[in-house]
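> If you follow the hints, you should be able to join the two separate chains into one complex; please do so.
Here is how the chains run, residue by residue.
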Amino acid sequence: MRLGAILLVVVAASCTDPGPTADSEIAAEVRALRETLRRSSPGEPRASAADEAARWSAVLQPMREAMHALASEQRELAEKQLALTQELQRWSQLLVESTSAARRDESDALTARLQRLETALKEQNARQRETEALLQKALDHTADRLEDFLKRIDGLPVAPPANHTAPGAPSTATDPAPKSVGAVGSPRRRAGTLAAWWWVGTAAAVAGLGVAWAARFRRQAGGESAAAASTFARPEVEAAPRDVQEIWAAAALLGEAVGRLRESHANPTELPASEREAAAQEVAGPAGPPGDGSEVEGDFVVLDDELLHPAVAGAAPPRRQPPEGTVCHIRTDDPTRAMQAALHVLADDPRVLHRPEPTVRCGRDSVEVTFRAVPGLPAGERVHLEQRLRDACA
Amino acid sequence: MDREPAFVALSTPLPRPVRGAGTRVQCGAHELVLEGMRGGLSLLWTDGREARRFALGVAPGNDLALALRAPRLPVHVAARETIALGPHGRLRGYVQIPLVPTVMLMSSAASEPQVLLELPTRGLAPEWDDRSGTVYRAVSPLHVRFPVPASEPRAIVPLWIANPTASVACPGQLPIDLVDAELRVLRGSVVAGPRRLRWSGDALASFLVERRPGALR
Chain D
1 MRLGAILLVV VAASCTDPGP TADSEIAAEV RALRETLRRS SPGEPRASAA
51 DEAARWSAVL QPMREAMHAL ASEQRELAEK QLALTQELQR WSQLLVESTS
101 AARRDESDAL TARLQRLETA LKEQNARQRE TEALLQKALD HTADRLEDFL
151 KRIDGLPVAP PANHTAPGAP STATDPAPKS VGAVGSPRRR AGTLAAWWWV
201 GTAAAVAGLG VAWAARFRRQ AGGESAAAAS TFARPEVEAA PRDVQEIWAA
251 AALLGEAVGR LRESHANPTE LPASEREAAA QEVAGPAGPP GDGSEVEGDF
301 VVLDDELLHP AVAGAAPPRR QPPEGTVCHI RTDDPTRAMQ AALHVLADDP
351 RVLHRPEPTV RCGRDSVEVT FRAVPGLPAG ERVHLEQRLR DACA
Chain F
1 MDREPAFVAL STPLPRPVRG AGTRVQCGAH ELVLEGMRGG LSLLWTDGRE
51 ARRFALGVAP GNDLALALRA PRLPVHVAAR ETIALGPHGR LRGYVQIPLV
101 PTVMLMSSAA SEPQVLLELP TRGLAPEWDD RSGTVYRAVS PLHVRFPVPA
151 SEPRAIVPLW IANPTASVAC PGQLPIDLVD AELRVLRGSV VAGPRRLRWS
201 GDALASFLVE RRPGALR
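Those sequence lines, one after another, are chains D and F. Those letters in the first sequence? Residues 1 to 394, by my numbering. Those letters in the second sequence? Residues 1 to 217, by my numbering.
Everything labelled a hint here was simulated from the structure, so no lab data went into it. Please note that the accuracy of each hint is not assured.
[Claimed, not checked] Derived Cβ-Cβ restraints for the label pairs, each shown as a range:
no. : chain 1 : residue 1 : chain 2 : residue 2 : range
1   : D       : 324       : F       : 114       : 22 to 28 Å
2   : F       : 201       : D       : 106       : 34 to 40 Å
3   : D       : 213       : F       : 167       : 53 to 59 Å
4   : D       : 212       : F       : 186       : 36 to 42 Å
5   : F       : 54        : D       : 376       : 15 to 21 Å
6   : F       : 21        : D       : 324       : 43 to 49 Å
7   : D       : 357       : F       : 131       : 17 to 23 Å
8   : D       : 213       : F       : 188       : 46 to 52 Å
9   : F       : 167       : D       : 105       : 27 to 33 Å
10  : D       : 200       : F       : 166       : 37 to 43 Å
11  : D       : 387       : F       : 86        : 48 to 54 Å
All C-beta atoms, glycine included, are put in the ideal place defined by N, C-alpha and C.
Just chain F, with the same shape it has in the complex (with noise of 0.2 Å):
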């Protein structure tokens, strides 16, 4: 059984086991096997609290990937700490947002690849908002120093938290919606666009800052 390295960038491939033998691969605690058995393939998962067994049914020419996507939801963030932001405030520093394992079908008759499965991910929480619909909600320590060190796969978001107007703001969540073209493998994590969070006087407004050549170090 061949074995794959625990670190997984954006992108690992899975190779396709002959019959008999199988892949494994971790990220972070989830751990997956890929066997190959009479008439398709089988992918055993599981995140050390529940197993699922797939079965996969995969064309001869096509290829397997395991790749570590935004969440297809908004997500809100709620921090670990109390944000409370004075009149004309800001703060910076960093959450962390779960990122959702997902297995890719590389297709041989489509230009770009395919959403085979999406595999859980217990860091997020669906639930409903009123104001923006169906969201993730996510627990994150607001950290004030990159890099983030981290077990599970996470992206880690720069934020820029201000407050222009003159009454005290205390946010109670973070909105930030991520999407998989800004996310970049830096320093041994994944990071994300930065953002700024804006208090308008009852909620965050969310803008992305758009990446500048050389900003990046």
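The shape of chain D in the complex, shown without the other chains (with noise of 0.2 Å):
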């Protein structure tokens, strides 16, 4: 057990810092100093107290001095310490101001944002709920039209139509008389099984009609704007018959209802209108201009969409930086001539790449040339190539 504390203290103090301090060397001068007084008066008489006083006194003067040095420095060092603090601490309380200032006026910024979002909320429930109602009248109206048109068109009496009447809706102020709901079932059930689904093909197609015209009235309007500026005269459209135009006009509120609708419930992941556009004259073909149906008919070929892929060069990801550079030092004579002479070679060999163009730099007895190579050269050809530039450069 002994022993096993005396091996700890060993170690522990071979593994102190043996590197001398301050103090060690303060006690190592004074002792030397002591065996100096030692050896300069070995065979003197004891001196009385206060001449070894005195001595001391005198010997250890320096040190006395430093001692003051050391405690005045220490002094000064706490008073700047003492204000670097001080300082510190205003600094915090500036800091903790500001912040809680950014933070009142962030707080502030988010309450009257969601108080935006809020009342955007609200006003877009309102709009769709008025696009419901319209789309709701606009149906109904278009069925009223419908089955009058029909039953002109199938000799039956015509009902007195439902009074749909919608403030803003464009089809009401075209209709003479109001109309009752409860009019439209009865002749349709007169009428037959054969009627019914005559009727129910001759909506789904007029629906139709008026989603395409919806469709190309918005894409006119919104992508051909400066058509609308031009000077060119338009031609004039014959006038339909007049059901044909309340059809027309109860079409064109129902794709209106219904383009209103799907702006309101716009799908984020739908594409947008340019490549919807896009999408669309792809899937409608090439359109030449006008005229040029010979052209189309002796064309060399038929170009067909729906054979479209897309080609290699648009399937390989591109490269981001460019092959590596082959650098050649040619000693030569005459280094203006050589580095005219290889610029020449590279710009007209066919398995240097032109850009990045090749470079060449002149020393005192050697030009330095570099190029990139087409990329899978073989190796005789690079070797040919960096012979044509050694040959043209001696």
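Below, the structure is given as structure tokens:
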């Protein structure tokens, strides 16, 4: 046990820093002075206590001055540290005050934004309800007008249409008299199954025409605003019969309602309008300029959009860095002429990339040519190219 | 010395001459002379501006052929005419892309021909493009009728350029990537598959139109 403690102390002592410290240096210096004094006066009688004290005082005078200097420096450092601590406290207080003010402003801005969002949400809900009501009324009007039209065709007695007047709906301004909803079902049941199928088919066709007309109207209004300002005269459209006009008006109303409903329920994953338009044009096929029918007939190939697929060039991912350059150091007697010859060879060789351009640097008795060869160039071709360079520069 | 006709199809056999004899083949400005020498074959090539000699070692059972192959890198064609497309405008035409004369080796050990030599083609200037990588740059007028007379081995590519955007497009180059399988000889010309190029706002995107049976006449 004791032996272990001794070994532990020895190991701890050996692990301590052997380097001299300030205290050990001072002690060593004092010991050296004492030894010097002892050696300098071995045979002299012992001096008095006052003389010894004076000598000690003289010996320790430099040490006293150093201690005074150290004490004064320590005091200055303490004062500086106190001043820095006070300054840091002041900065901390300023930072806390500014942070609280910024957070207050941020919370106010967030509150205002939340209020704006809530207001926008309410307005959007109101618009959605209005659009739904408009769509419902448009469907009712379309059904009524279709029914009237079909009755006129079949020679059945016309029932008074239902009154679905909506404020702001354009078709209600042309309604001469109010119509009743209850009169819609009874003639349809009387007409029989065949007439019902006929109505359903006709209604679907008219609805499709309305949607197509509305889509075309939106495309023309959005994408070809310049055409509206064009000075070219538009061809006049021949007036259609009144019944057909009414059906078209109802279909337009229905298309407008459907369009507004679609806009209100816009899908974020849906393609943008330009992409949809491009896709529709691609599906519609190539439309050459008018009057080139003979060219199309005499064309060499027939392009079919269904057979389109990306070319190989589009499938390859582009590389980020150009190929590594090849550096040739060529000794020559006339570097200027060698530089021109090297540039001429590299500019004329189809195995060298023209971009990035080859570079030639002139030295006192040599030129350094840097160029990039075509990827996949065989080693024999590369060596042949370098030899051409050396021959041209020689 | 046997002399082959000047017209070269997509692949023309190069008969191996006996020692002391030679076979001469001309393909546009390219002229090849294959000679039998002691220990192997010697191929002399010239395009009127430069001449090179190749020493070939071919096993007795293997045959050689001169093939016109598509460039193995994408080609950016710079039209001699400035192309400007209005909004939703379309343009049709043909461009020519130089083909690479290649000496192919038909070996009995390999099922497919192997590339022995690719002869230099001056119409294709390789360069680096930050978007497409290493490409060939070629210059061609935009032809409007087919066939296009040419004295050099070139592939005629029908183009259909469209600008589906609402702004004016002025493309600087037409990106085309050819493969050997789409090259055909029609009406005495080498024709590649038709391309549809669509302007995307800053560049043209290339789409290859597959051949429909009976579409080509």
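> Take a look at whether the Cβ-Cβ distance between residue 324/D and residue 114/F falls inside 22 to 28 Å.
27 Å, holds
> Starting from the hint 46 to 52 Å, judge whether the C-beta atoms of residue 213/D and residue 188/F obey it.
Once the Cβ atoms are compared, 51 Å apart, the range 46 to 52 Å for residue 188/F and residue 213/D holds.
> Okay, residue 167/F versus residue 105/D on CB: inside 27 to 33 Å?
Violated - the Cβ-Cβ distance for residue 167/F and residue 105/D, about 42 Å, lies outside 27 to 33 Å.
> Falls inside 36 to 42 Å, the C-beta gap from residue 212/D to residue 186/F?
With a Cβ separation near 41 Å, residue 212/D and residue 186/F satisfy 36 to 42 Å, so the hint holds.
> Falls inside 37 to 43 Å, the C-beta gap from residue 200/D to residue 166/F?
40 Å, holds
> The hint says 34 to 40 Å between residue 201/F and residue 106/D; measuring C-beta to C-beta, is that right?
38 Å, holds
> Take a look at whether the Cβ-Cβ distance between residue 357/D and residue 131/F falls inside 17 to 23 Å.
19 Å, holds
> Can the suggested window of 43 to 49 Å be confirmed for the beta-carbon pair residue 21/F and residue 324/D?
44 Å, holds
> Do the beta carbons of residue 213/D and residue 167/F sit within 53 to 59 Å of each other?
Once the Cβ atoms are compared, 27 Å apart, the range 53 to 59 Å for residue 167/F and residue 213/D is violated.
> Given the range 48 to 54 Å, decide if the beta-carbon distance of residue 387/D to residue 86/F lies inside it.
53 Å, holds
> Using the C-beta atoms of residue 54/F and residue 376/D, is the stated range 15 to 21 Å upheld?
The hint (15 to 21 Å, Cβ to Cβ) holds, given that residue 54/F and residue 376/D are roughly 18 Å apart.
Hints 3, 9 from the earlier list are contradicted by this structure; the remaining hints agree with it.
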